[in-house]
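These protein sequences, in sequence, are chains A and B.
Going by numbering that gives the first Met the number 0, the first sequence opens with residue 0, and the numbers climb by one from there.
Going by numbering that gives the first Met the number 0, the second sequence opens with residue 0, and the numbers climb by one from there.
Some hints could be false.
As the list claims (entries may be wrong) - Pairwise CB distance ranges, derived in the manner of DEER restraints:
hint, chain 1, residue 1, chain 2, residue 2, range
1, B, S156, A, D88, 57 to 65 Å
2, A, E160, B, L325, 24 to 32 Å
3, B, L325, A, K195, 39 to 47 Å
4, B, S156, A, K128, 53 to 61 Å
5, B, L325, A, E129, 29 to 37 Å
6, A, S80, B, F107, 31 to 39 Å
7, A, K127, B, S156, 56 to 64 Å
8, A, R59, B, F107, 36 to 44 Å
9, A, T63, B, S156, 56 to 64 Å
10, A, S17, B, F140, 32 to 40 Å
11, B, N124, A, S17, 21 to 29 Å
12, A, H140, B, F180, 54 to 62 Å
13, B, R202, A, K127, 43 to 51 Å
14, B, F180, A, D16, 55 to 63 Å
Unchecked claim - Which stretches of chain A does chain B cover? Using the computed rule of at least three CB atoms under 8 Å from a CB of chain B, they are:
hint, region
15, 41-55
16, 95-103
In case anyone wonders, no lab produced these hints; they're calculated from the structure.
From a predicted model like this one, the values you see are computed outputs, not experimental measurements.
Glycine residues also receive a C-beta, built at the ideal position from the N, C-alpha and C atoms.
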Amino acid sequence: MRLLDIRNLNIELLTSDSSIKAVESANFSMKMAEVSGLIGESGSGKSLVAKALVGMLNNRWEVTADRLHFMGQDLNRMSESKRRKVISDNISMIYQEPRRCLDPTSNIFSQLEESLPDYEFSGWFGAKKELRIKKCIRLLHKVGIKEHEKVFNSYPHMLSEGICQKIMIAMAIAKEPKLLIADEPTTSLEGDTSLKVIKLLKSLNQLKEMGVIFITHNLFSITSWADSINVMYCGQLIESGLTKNIINAPKHPYTKALFDSEPDFKSRDINNKQKLYALKGTIPTLQHLPIGCRLGPRCPNAQRACVKIPEQQKIKGQFFRCHYPLQQKPLQNNWKKA
Amino acid sequence: MFNYFYRKLSLLFFITFGVTVFVFSLNYLFPTDVLSNMSGITSINEIDYEKIAQQYNLNDSVITQYFGFIGRLLDGDWGVSFITGTSIFEQVFRVLPATIELAMYALFYSFIVAIPLGILASSENHPWLDKSILALSIVGFSMPIFWLALLLILVFSIGLGWFPTSGRLSLIYDIPSSSGFLFLDIIRSSVDYKSEAFADAFRHLVLPTFVLAAYPTTVLIRTTRQSMKDVMNTSYVKAAKIKGLTSGQLLRRHGLRNGLLPVIQMLGIHFGTVITLAMVTEVIFAWPGVGSWLVDAIHQRDYPAIQGGLLVISGMVFVATILFDLLYMIFDPLARRHGHGKI
Numbered sequence: 000m001r002l003l004d005i006r007n008l009n010i011e012l013l014t015s016d017s018s019i020k021a022v023e024s025a026n027f028s029m030k031m032a033e034v035s036g037l038i039g040e041s042g043s044g045k046s047l048v049a050k051a052l053v054g055m056l057n058n059r060w061e062v063t064a065d066r067l068h069f070m071g072q073d074l075n076r077m078s079e080s081k082r083r084k085v086i087s088d089n090i091s092m093i094y095q096e097p098r099r100c101l102d103p104t105s106n107i108f109s110q111l112e113e114s115l116p117d118y119e120f121s122g123w124f125g126a127k128k129e130l131r132i133k134k135c136i137r138l139l140h141k142v143g144i145k146e147h148e149k150v151f152n153s154y155p156h157m158l159s160e161g162i163c164q165k166i167m168i169a170m171a172i173a174k175e176p177k178l179l180i181a182d183e184p185t186t187s188l189e190g191d192t193s194l195k196v197i198k199l200l201k202s203l204n205q206l207k208e209m210g211v212i213f214i215t216h217n218l219f220s221i222t223s224w225a226d227s228i229n230v231m232y233c234g235q236l237i238e239s240g241l242t243k244n245i246i247n248a249p250k251h252p253y254t255k256a257l258f259d260s261e262p263d264f265k266s267r268d269i270n271n272k273q274k275l276y277a278l279k280g281t282i283p284t285l286q287h288l289p290i291g292c293r294l295g296p297r298c299p300n301a302q303r304a305c306v307k308i309p310e311q312q313k314i315k316g317q318f319f320r321c322h323y324p325l326q327q328k329p330l331q332n333n334w335k336k337a
Numbered sequence: 000m001f002n003y004f005y006r007k008l009s010l011l012f013f014i015t016f017g018v019t020v021f022v023f024s025l026n027y028l029f030p031t032d033v034l035s036n037m038s039g040i041t042s043i044n045e046i047d048y049e050k051i052a053q054q055y056n057l058n059d060s061v062i063t064q065y066f067g068f069i070g071r072l073l074d075g076d077w078g079v080s081f082i083t084g085t086s087i088f089e090q091v092f093r094v095l096p097a098t099i100e101l102a103m104y105a106l107f108y109s110f111i112v113a114i115p116l117g118i119l120a121s122s123e124n125h126p127w128l129d130k131s132i133l134a135l136s137i138v139g140f141s142m143p144i145f146w147l148a149l150l151l152i153l154v155f156s157i158g159l160g161w162f163p164t165s166g167r168l169s170l171i172y173d174i175p176s177s178s179g180f181l182f183l184d185i186i187r188s189s190v191d192y193k194s195e196a197f198a199d200a201f202r203h204l205v206l207p208t209f210v211l212a213a214y215p216t217t218v219l220i221r222t223t224r225q226s227m228k229d230v231m232n233t234s235y236v237k238a239a240k241i242k243g244l245t246s247g248q249l250l251r252r253h254g255l256r257n258g259l260l261p262v263i264q265m266l267g268i269h270f271g272t273v274i275t276l277a278m279v280t281e282v283i284f285a286w287p288g289v290g291s292w293l294v295d296a297i298h299q300r301d302y303p304a305i306q307g308g309l310l311v312i313s314g315m316v317f318v319a320t321i322l323f324d325l326l327y328m329i330f331d332p333l334a335r336r337h338g339h340g341k342i
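Looking at chain B on its own, in the form it has when it is part of the complex (with noise of 0.2 Å):
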């Protein structure tokens, strides 16, 4: 168990290490200078420069440098934003709860639905449900989402008025920022329309979320109708079948701790996709998360704010994987015995 721990961390240890040499190797890539994608500082007069250079290693081996670059990275020194001027680390760790928040709601409703349906899809009793639902994941998962999202605004924000078309909280909720998670910091918040927050922040939430979670769910629908069907066939489960166990306990003790492995595998695999694709939403909805501020400066050429948003998207990418490979782990009893590290 601890070996097998140690291992995904060395794991991640090596990609973080390739992650920021490609990082550091960008401020030599981009066409501007080196200083300044390093600093971030746009204009730098004469005598500033040796001042700065010297500050940033910049007299000596690329080594050093990086060794320097990695040092101010721990320290939160990730350089200023051309445009703004503000700290990379700050407006960074500013946006990204949003993204964390919208993308775990994401996953987690795909999770609740594309389940049951991929069990019912499975069954062999029903051959219709399997083909109703196997043909609406189809549409899912082969409708462009930036579509889809400016569909459902058309029909549930603008026709319907449901809910709003962008946005995470209504401007008139003003709700103290501390943990940057929206939800928690309404609960921890001492206002009195608690309540009226809650509801707006939800109606919120629902466009994006659906969203973003079509995609993952038709995979996930898929994956599980096929694991599950798999799983039942296997001769465990019909010699469990003979036991005399319900089928109610036949799905609880054997077909769901088996069949729900290839599924967790796929979350894992699938969650970079999630985050691309949150990007997407991000920007049609006007979510203030990671996503968009990473489009905007992509838009405005600021280097160093795309070296810093690389940095944590990737870092993001990998903490997901290695911790669905960890719930792997624990469900598979085989995973635990051949454990070397890989994605």
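Pulled out of the complex, with its shape left as it was, chain A reads as follows (with noise of 0.2 Å):
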């Protein structure tokens, strides 16, 4: 059984007199307990997708897909009360902005124990408020807060953007679910921090089988774990398959422009005043966005039948849309697994 199964997802921004495709067909797919990285530059969209699964978008946006599973079920045929049990029961987000997510008027601990499910608990109510007190101690300390006592009666502009974002993942993952999207969960981090997050939520995909999107534009903070990769560009999702075979093996011009474009400092092969390789051009906004493959004016390889956006091909599991693939040849850089 599939986690996450998407067929051709839409996501239109409704204006006035017309509809921009902010995300246009973009197929997705994930295994139970995988970890899959979304990556592109900012503005392509990848956290339109993740709003759109836990329908967070309000109604200037329209969804649509062909198909769109979550562990067997279909949430497109679900009345709309039972998506959102069943997405509020089993996936949770991590956000891009942890403190404009916090509600700035109450403290941080009623916050936090409002995301634990009330299954969890038995017993009588001072015995239950008890056991929730702990567990959101046991939270905090688990994501790295040793101050509890300090933060739980704090309210949010109080606190550094980096603990925000610690509540923020601890809130997360209050419920195990069985999905958990991270919206550039690191960014607002210090390294040490970002690293011990990333090591937290790898033990509990591999302990409590917890599927992750982990949606970032840091190659290195996610080529090291992820099983699998989704390249998007401006709004397409242009290549998708396991890790390895995205680094050495890129189909698409883009995602090898991509990683090109992240020098190696470490090979030392890069010259003194040597030009560091950025692909020609920027992502165009969406009211000009290209016809066909978004890719195109910026595309090395790009030729007359780009002008139609190519059908999603296959080669050995290996997902892209492009007319003219790269061919099968190891990468200059020696690109190796940070």
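From the two separate chains plus the hints, produce the assembled complex.
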């Protein structure tokens, strides 16, 4: 059984006279307890996919999909309330802006406590309360906050961004979800803590069989532990496959460019004053999307056929959308697992 | 917390200073004789003049006169009325509770009516409800309340005869006045027609409360609607929704707490307007409050009474504003941080 199976996901922004396809026919699937990386530049629609999955987008957005299965259940055919129940029971999310996702007027303890599920605790009222407090303390310790007493009584504006992020993580893992969506969870954390957080997510993934979608634009933080990688460009999911295949033999020019533009300073094959590689041009704005393959105007191998959106092809378990896929050839800079 | 309270109190102090300076200067600005304005005695003969001028420090500097004025204010000697010759202090505090009562009921009524309506209007599931509530609130907002009052009297008092046209209580009920707040007095009194008197007082209250509440209700509906819309669209409410909270929990724990903050602020800001409107309402319904009393004083050119009324009403507005500010602080942890006094 697949944890998540999405076919043809479209996310459209409805404006007064037209609609803009912010995410265009994305296919995405995950096995149980898989760690899947979702990478791409900022503005490529990574967070949109995540928000659409948990139903966080407001009604200016229209989300449609041909197939939307979660653990074998068809979310498309459920009533609104049932879907909300399934999602809130099984999926939790770590947000990009932790402080904006914490209620400014209630203290941390009450916000952490309300993310605990009810069914886990039994006993009479007082004992239940005590159990919940203990569980909250354990959660904070788990994410690396030692002064739980002080943090419990604080309000979000009193805490640093990093601590808020840790609290968000504690909330996300409180109900031991089947799927955790981590939307750039380590951007506001210092290096040491971000490693710890990744370690924590890794252990939860292994011990509790928790699937993880790890959204990031930092390749180093994902290539070491993700089972599979999905690359997004400008709202199109252009390539997905196993991590080692994607690294060693990317089929899509953008994937290759993405890895090439991440300089490997350790291997010392960069000369003094050598120009670093970067793809020409910038990511287009949503108002001026190119037709067909959205990489078209920037792609080094673009040809006439690229004005039509390429069909998804599959070679050895690797999915990609490109008319002129790159030939199997080991990469120049010998990308290693970081 | 204490710091904040202290700041608010010092703000109150400076405002009181400003108002007393203004009220004191009215003694000189009003057209009649300065000594008459201060003492409230209209015809002072030559012999008494020196004596009374001595008593009111009229021969000393203006600053000494001001401090004398403050001293008399604190002693409760606010002069006597030009018209009746009775003590202004006693008059003001006899009529003040009726106004406070009316304003409180109106604010309370508008609070309990406006907030559910505002929340209903903010819901995105029922656009027609939103539109009709907004339309209703615009009608209420733009209708002059004296006209509304007359219409209501015409329909409900004269036409249908449900409610009395004026006053606080029928003359047949004789309730001894102890606190000045009518319902409290009725409960504390030992008459044997308590429940009848209570019902009658209530019937007298209905129309003035409704008229006075019309304006704050509409303002609150619009504020609540907008702020609830904003709050329900914030990331933290959506994040809480994904945590698995039901709609009710969401509203109770996150929505209301954040959504009502601007409403509390609005209540504080509009308290002054409500008092002004209360004057109009009191005049129309012959409600024996400080508003109609002050309007009478203005008509009769009763300068000492105008000064007294001014002091009391402005004091009431300040105290209410600061109370609402404190209430705001209790609910909003962010406000406790930067608490420099501001109104």
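Structure-based check of all given hints:
1. Separation of S156 of chain B from D88 of chain A is about 59 Å and conforms to the stated range, judged on CB atoms against 57 to 65 Å.
2. For E160 of chain A paired with L325 of chain B, a C-beta distance near 31 Å keeps the hint of 24 to 32 Å intact.
3. Against the hinted window of 39 to 47 Å, the Cβ-Cβ separation of L325 of chain B and K195 of chain A comes to about 43 Å, which satisfies the hint.
4. The hinted window of 53 to 61 Å between S156 of chain B and K128 of chain A holds, with their beta carbons roughly 55 Å apart.
5. Remark: the range hint 29 to 37 Å for L325 of chain B to E129 of chain A is upheld by a beta-carbon distance near 34 Å.
6. Between S80 of chain A and F107 of chain B the Cβ separation comes to about 36 Å, which falls inside the hinted range of 31 to 39 Å.
7. The given range of 56 to 64 Å is respected by K127 of chain A and S156 of chain B, whose C-beta atoms sit roughly 57 Å from each other.
8. Between R59 of chain A and F107 of chain B the C-beta distance comes to about 38 Å, which sits within the given range of 36 to 44 Å.
9. Between T63 of chain A and S156 of chain B the beta carbons are some 60 Å apart, a value that agrees with the proposed interval 56 to 64 Å.
10. With their beta carbons about 36 Å apart, S17 of chain A and F140 of chain B fall inside the hinted range of 32 to 40 Å.
11. For N124 of chain B and S17 of chain A, the Cβ-Cβ distance of about 25 Å falls inside the hinted range of 21 to 29 Å, so the restraint holds.
12. Separated by about 55 Å at the C-beta atoms, H140 of chain A and F180 of chain B satisfy the suggested range of 54 to 62 Å.
13. R202 of chain B and K127 of chain A have their C-beta atoms about 50 Å apart, which keeps the hinted 43 to 51 Å range intact.
14. Range check, F180 of chain B to D16 of chain A: about 60 Å between beta-carbon atoms, so the 55 to 63 Å window is met.
15. Evaluation of the coverage hint for the region 41-55 of chain A: fulfilled, as 3 residues show C-beta separations to chain B shorter than 8 Å, against a requirement of three.
16. Evaluation of the coverage hint for the region 95-103 of chain A: fulfilled, as 6 residues show C-beta separations to chain B shorter than 8 Å, against a requirement of three.
In summary, the structure agrees with every hint in the numbered list given earlier.
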